[in-house]
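Engineer: Using the sequences and the hints, build the whole thing.
Top line first, the protein sequences correspond to chains A and B. For what it's worth, full-length UniProt numbering labels the leading residue of the first sequence as 1, then goes sequentially. For what it's worth, full-length UniProt numbering labels the leading residue of the second sequence as 1, then goes sequentially.
Warning: the hint list may mix true and false statements.
Cut-off 25 angstroms, straight-line C-alpha distance, at most; resulting in silico cross-link-like pairs (PhoX-like, lysine-lysine) [unchecked claim]: (1) K83(A) with K78(B); (2) K57(B) with K83(A); (3) K71(B) with K153(A); (4) K78(A) with K83(B); (5) K195(B) with K83(A); (6) K153(A) with K95(A); (7) K78(B) with K58(A); (8) K195(B) with K95(A); (9) K78(A) with K71(B); (10) K115(B) with K58(B); (11) K104(A) with K153(A); (12) K172(A) with K160(A); (13) K95(A) with K58(B); (14) K57(A) with K104(B); (15) K95(A) with K123(B); (16) K172(B) with K195(B); (17) K115(B) with K115(A); (18) K115(B) with K83(B); (19) K153(B) with K95(A); (20) K115(A) with K71(A); (21) K172(B) with K153(B); (22) K83(B) with K71(A); (23) K58(A) with K71(A); (24) K115(B) with K71(A); (25) K115(B) with K153(B); (26) K104(A) with K57(B); (27) K160(A) with K104(A); (28) K58(A) with K123(B); (29) K57(A) with K95(B); (30) K123(A) with K95(B); (31) K57(A) with K57(B); (32) K195(A) with K58(A); (33) K58(B) with K83(A); (34) K57(A) with K123(B).
Please keep in mind that the hints were generated in silico from the structure rather than gathered at the bench.
Single-letter residue listing:
Number of protein chains: 2
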Amino acid sequence: MKFHYPNGKKYIPAKRETVRTKQEKKWSYSNRGMTLEEDINETNEYYLTNGIASIHKKPTPVQIVQVDYPKRSAAVIKEAYFKQASTTDYNGIYKGRYIDFEAKETQNLTSFPLKNFHDHQIKHMETILHHDGICFVLLRFSASEEIFLLEAKHLLMFWKRMIDGGRKSISKEEIENHGHSIPLGYNPRIDYINKIDYLYYLE
Amino acid sequence: MKFHYPNGKKYIPAKRETVRTKQEKKWSYSNRGMTLEEDINETNEYYLTNGIASIHKKPTPVQIVQVDYPKRSAAVIKEAYFKQASTTDYNGIYKGRYIDFEAKETQNLTSFPLKNFHDHQIKHMETILHHDGICFVLLRFSASEEIFLLEAKHLLMFWKRMIDGGRKSISKEEIENHGHSIPLGYNPRIDYINKIDYLYYLE
Chain A
1 MKFHYPNGKK YIPAKRETVR TKQEKKWSYS NRGMTLEEDI NETNEYYLTN GIASIHKKPT
61 PVQIVQVDYP KRSAAVIKEA YFKQASTTDY NGIYKGRYID FEAKETQNLT SFPLKNFHDH
121 QIKHMETILH HDGICFVLLR FSASEEIFLL EAKHLLMFWK RMIDGGRKSI SKEEIENHGH
181 SIPLGYNPRI DYINKIDYLY YLE
Chain B
1 MKFHYPNGKK YIPAKRETVR TKQEKKWSYS NRGMTLEEDI NETNEYYLTN GIASIHKKPT
61 PVQIVQVDYP KRSAAVIKEA YFKQASTTDY NGIYKGRYID FEAKETQNLT SFPLKNFHDH
121 QIKHMETILH HDGICFVLLR FSASEEIFLL EAKHLLMFWK RMIDGGRKSI SKEEIENHGH
181 SIPLGYNPRI DYINKIDYLY YLE
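Structural biologist: Listed below in structure tokens is the structure:
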């Protein structure tokens with residue numbers, strides 16, 4: 001049975017950390033069975049351990065209602081509900097600059113539906129740009145395994161077009177024209193910092 | 001019954017938002033019944049709504065084990081556990097700069113115990129300084145209701161003294177000498193951005 005977040009996103013439980021053998025670590029573009037979130041988390045871990053950047057995923061916001069305190073063992077949350085996040089999922093620091101982004105994927109082949117984003121996230125991105133932060137989205141077309149970095153200023157433009165009565169999605173051609181394709185790599189998997197260097201002259 | 005986080009901090013459930021009357025909003029230094037977290041959240045809301053800064057508390061990290069999906073109502077988390085956070089609690093952006101801090105309080109009168117902090121938080125603060133972020137702690141002496149901003153570089157110094165066999169706390173005199181007292185205000189309640197302006201010449 002599928003559960004959906006308040007934001008319509010499927011809930012994927014975080015994997016427990018496991019020690020991998022070299023065999024298991026073998027990398028291929030196809031059928032890796034990795035989610036976009038896992039790829040980004042591994043990328044951020046690479047940036048962190050190599051002293052490149054400190055960027056983290058925020059925990060899933062949960063409203064805790066009831067907690068049990070069994071003797072001699074850890075507290076157990078017995079009733080809680082998913083809450084809508086008021087910001088994007090990822091933020092942190094790179095070369096002194098504030099970095100903020102959201103990651104989304106679609107099964108669509110030719111366009112990216114804007115319903116993947118929500119008013120409060122759009123508002124948050126506007127705020128970050130107002131404060132001179134580096135803000136963008138990572139968009140993944142799952143069928144073709146293509147990943148694009150699209151700066152928030154462009155996403156906001158397409159969002160405004162929708163609000164003004166225009167199309168409810170960004171065509172893939174528009175994403176190719178305004179965004180920046182990120183090839184899937186081994187380590188780091190999704191090297192978005194490389195694009196940030198290029199876009200913000202941070203090299 | 002008291003529950004403690006993995007970090008030894010008491011768990012305080014987030015209050016539901018309530019509409020307050022003017023009477024209730026009346027402000028006094030004593031017996032306000034506000035927690036440090038609530039004061040900081042209201043301060044951050046003030047900064048956000050006034051376009052000053054965008055700084056948020058990260059959600060409590062929770063490992064979700066079991067979720068129920070009742071028909072026609074919201075998903076209920078039935079089993080989950082508190083996880084140790086890998087970063088500090090608050091981060092965001094101010095005038096393009098990355099801001100990162102942790103807030104702690106003590107009942108002690110004459111010193112601030114370093115056991116309020118944990119290895120991973122200290123390591124995170126070192127990382128943030130390495131990347132040229134603005135990093136500090138807000139320390140509250142609950143009995144006297146005094147609040148100090150202590151820059152991470154000083155906290156790290158006192159932490160190192162402990163690791164090297166020195167005292168396991170920071171004396172209040174040291175905090176007064178190296179830190180910056182923040183008077184409790186009405187709106188914003190804990191105006192730490194004012195100190196940041198002063199310390200980092202951002203005015």
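Engineer: Work down the list of hints and note, for each, if the structure agrees.
Structural biologist: Okay, the hints, checked on the actual structure:
Distance restraint check for K83(A) and K78(B): the Cα-Cα separation of roughly 15 angstroms lies within the 25 angstroms cut-off, and the hinted pair is therefore satisfied. Between K57(B) and K83(A) the alpha-carbon distance is near 14 angstroms, which keeps this suggested pair within the 25 angstroms criterion. Taken as a hint, the K71(B) and K153(A) pair is broken in the structure, with Cα atoms around 40 angstroms apart against an allowance of 25 angstroms. The hinted pair formed by K78(A) and K83(B) meets the criterion: a straight-line CA distance of about 15 angstroms does not exceed 25 angstroms.
A threshold of 25 angstroms between alpha carbons decides the hint, and for K195(B) with K83(A) the separation of about 33 angstroms lies outside it, so the pair is violated. A distance of roughly 21 angstroms separates the Cα atoms of K153(A) and K95(A); the hinted pair therefore holds under the 25 angstroms criterion. Annotation: proposed proximity of K78(B) to K58(A) holds, straight-line Cα distance about 21 angstroms (limit 25 angstroms). Proposed proximity of K195(B) and K95(A) is supported: the alpha carbons are some 23 angstroms apart, at most 25 angstroms.
With a C-alpha separation of about 19 angstroms, the suggested pairing of K78(A) with K71(B) holds against the 25 angstroms cut-off. This hinted pair checks out: K115(B) and K58(B) have alpha carbons roughly 21 angstroms apart, not beyond 25 angstroms. In summary, the hint linking K104(A) to K153(A) is supported, as the alpha carbons are separated by about 17 angstroms, within the 25 angstroms threshold. Pair hint K172(A) plus K160(A) holds up; C-alpha atoms about 18 angstroms apart against a cutoff of 25 angstroms.
As the CA atoms of K95(A) and K58(B) are separated by approximately 22 angstroms, the hinted pair is consistent with the 25 angstroms bound. For the suggested pair K57(A) and K104(B), the alpha carbons sit about 23 angstroms apart, so the restraint of at most 25 angstroms is met. The hinted pair formed by K95(A) and K123(B) meets the criterion: a straight-line CA distance of about 18 angstroms does not exceed 25 angstroms. Taken as a hint, the K172(B) and K195(B) pair is honoured in the structure, with Cα atoms around 19 angstroms apart against an allowance of 25 angstroms.
Taking the CA atoms of K115(B) and K115(A), the gap is near 45 angstroms; set against the 25 angstroms cutoff, the hint is violated. Of the pairs offered as hints, the one joining K115(B) and K83(B) holds, with about 18 angstroms between alpha carbons and a cut-off of 25 angstroms not exceeded. Straight-line distance between C-alpha atoms of K153(B) and K95(A) comes to about 18 angstroms, which keeps the hinted pair within the 25 angstroms bound. A C-alpha spacing of about 46 angstroms is found between K115(A) and K71(A), which places the hinted pair above 25 angstroms, so the restraint is violated.
For the hint linking K172(B) to K153(B), the alpha-carbon distance of about 17 angstroms falls within 25 angstroms, and the restraint holds. With a C-alpha separation of about 18 angstroms, the suggested pair K83(B) and K71(A) falls inside the 25 angstroms cut-off, and the hint holds. Restraint check for K58(A) and K71(A): not satisfied, since their Cα atoms lie roughly 30 angstroms apart, outside the 25 angstroms limit. A threshold of 25 angstroms between alpha carbons decides the hint, and for K115(B) with K71(A) the separation of about 24 angstroms falls inside it, so the pair holds.
For a cut-off of 25 angstroms, the pair hint linking K115(B) to K153(B) stands: about 17 angstroms separates their Cα positions. About 23 angstroms separates the Cα atoms of K104(A) and K57(B), which keeps this hinted pair within 25 angstroms; it holds. For a cut-off of 25 angstroms, the pair hint linking K160(A) to K104(A) stands: about 19 angstroms separates their Cα positions. Annotation: proposed proximity of K58(A) to K123(B) holds, straight-line Cα distance about 18 angstroms (limit 25 angstroms).
Taken as a hint, the K57(A) and K95(B) pair is honoured in the structure, with Cα atoms around 22 angstroms apart against an allowance of 25 angstroms. A distance of roughly 18 angstroms separates the Cα atoms of K123(A) and K95(B); the hinted pair therefore holds under the 25 angstroms criterion. At most 25 angstroms may separate the alpha-carbon atoms for a hinted pair to count; K57(A) and K57(B) meet this at roughly 13 angstroms. For the hint linking K195(A) to K58(A), the alpha-carbon distance of about 22 angstroms falls within 25 angstroms, and the restraint holds.
For the proposed pair K58(B) and K83(A), the alpha carbon gap of about 13 angstroms is at most 25 angstroms, so the pair holds. Our distance criterion of 25 angstroms between C-alpha atoms is met by K57(A) and K123(B), whose separation comes to about 17 angstroms.
Hints 3, 5, 17, 20 and 23 from the list above are not met by this structure, while the remaining hints are.
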